[in-house]
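Undergrad: What follows is each chain in one-letter form.
2 protein chains.
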Amino acid sequence: MKHVLLARFKEDITPEKTEELIKGYAGLVSLVEPMKGFQWGTDVSIENLHQGFTHIFVSTFESTEGIAEYVAHPAHVEFANKFLPWLEKVLVVDYKPNIVEQ
Amino acid sequence: MKHVLLARFKEDITPEKTEELIKGYAGLVSLVEPMKGFQWGTDVSIENLHQGFTHIFVSTFESTEGIAEYVAHPAHVEFANKFLPWLEKVLVVDYKPNIVEQ
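Line by line, the protein sequences are chains S and L.
No gaps in the numbering here: position 1 of the first sequence is -15 in our numbering, and each next residue is one more.
No gaps in the numbering here: position 11 of the second sequence is -5 in our numbering, and each next residue is one more.
In short, the hints are calculated from the structure, not lab data.
No residue lacks a Cβ here, since even glycine has one placed at the ideal position from N, Cα and C.
Mixed in with the good hints there might be a few duds.
Keeping only pairs whose Cα atoms sit at most 30 Å apart, straight-line, the calculated DSBU-like set for lysine-lysine is [unchecked claim]:
#1 K(-6)(L) to K20(S)
#2 K73(S) to K80(L)
#3 K(-6)(L) to K80(S)
#4 K7(L) to K73(L)
#5 K80(S) to K66(S)
#6 K73(L) to K20(L)
#7 K7(L) to K(-6)(S)
#8 K7(S) to K80(S)
If we take Cβ atoms under 7 Å as the criterion, some of the chain L residues that face chain S in the derived model are [to be verified]:
#9 K1
#10 L5
#11 D27
#12 S29
#13 H34
#14 F37
#15 P58
#16 L71
#17 E72
#18 N82
#19 V84
Construct the entire structure; sequences and hints are all you get.
TA: Below is the structure:
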């Protein structure tokens, strides 16, 4: 299962605070057992369909139950309370990847 | 590089048409050389932050130049002309995955 969070930080955030929050997000991998992986990146698309989102965070879980456990986990709740106030926009989708056979 | 497209299909689309479009999207892997992989899924998130998006499509490319080549490729343009009219909402971000060392 993939847990995808798109974000736009508020304009008054500093690069140092942004880096601190991203490290905090990544640090959840070692605090929340069902969270098995974490990647992030900044949008570089040329199609102008980003709807204002600038950052993407992709976490990997073995199951939907694992995502529910993550959402309720005290370490996630503590991080979310630090992270969400810095976001101007946020969007979350969870999905099980399907690969289409040709 | 990851090319991420979030979509919500129009309400009057049929399941058959949805399946046809997803297969068409996946088929670009064999038509557009720089497109190296394709996955898709439907949103199952429980946090109610999906902003109305129901589907996610994730393509893999070796470089940003590869994504630009894909966007301009006749097979992609032909597919986009079939696909986009069925979308009520669309969002695209491209990113280079970073993995944070603990």
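Undergrad: Does each hint fit the structure? Answer for all of them.
TA: Here's how the hints hold up against the structure:
no. : hint               : result
1   : K(-6)(L) to K20(S) : violated (34 Å)
2   : K73(S) to K80(L)   : holds (21 Å)
3   : K(-6)(L) to K80(S) : holds (22 Å)
4   : K7(L) to K73(L)    : holds (19 Å)
5   : K80(S) to K66(S)   : holds (28 Å)
6   : K73(L) to K20(L)   : holds (25 Å)
7   : K7(L) to K(-6)(S)  : violated (38 Å)
8   : K7(S) to K80(S)    : holds (25 Å)
9   : K1                 : violated (16 Å)
10  : L5                 : violated (11 Å)
11  : D27                : holds (4 Å)
12  : S29                : holds (4 Å)
13  : H34                : holds (5 Å)
14  : F37                : holds (6 Å)
15  : P58                : violated (17 Å)
16  : L71                : violated (10 Å)
17  : E72                : violated (13 Å)
18  : N82                : holds (5 Å)
19  : V84                : holds (3 Å)
The structure fails to meet hints 1, 7, 9, 10, 15, 16, 17 from the earlier list, while all remaining hints are met.
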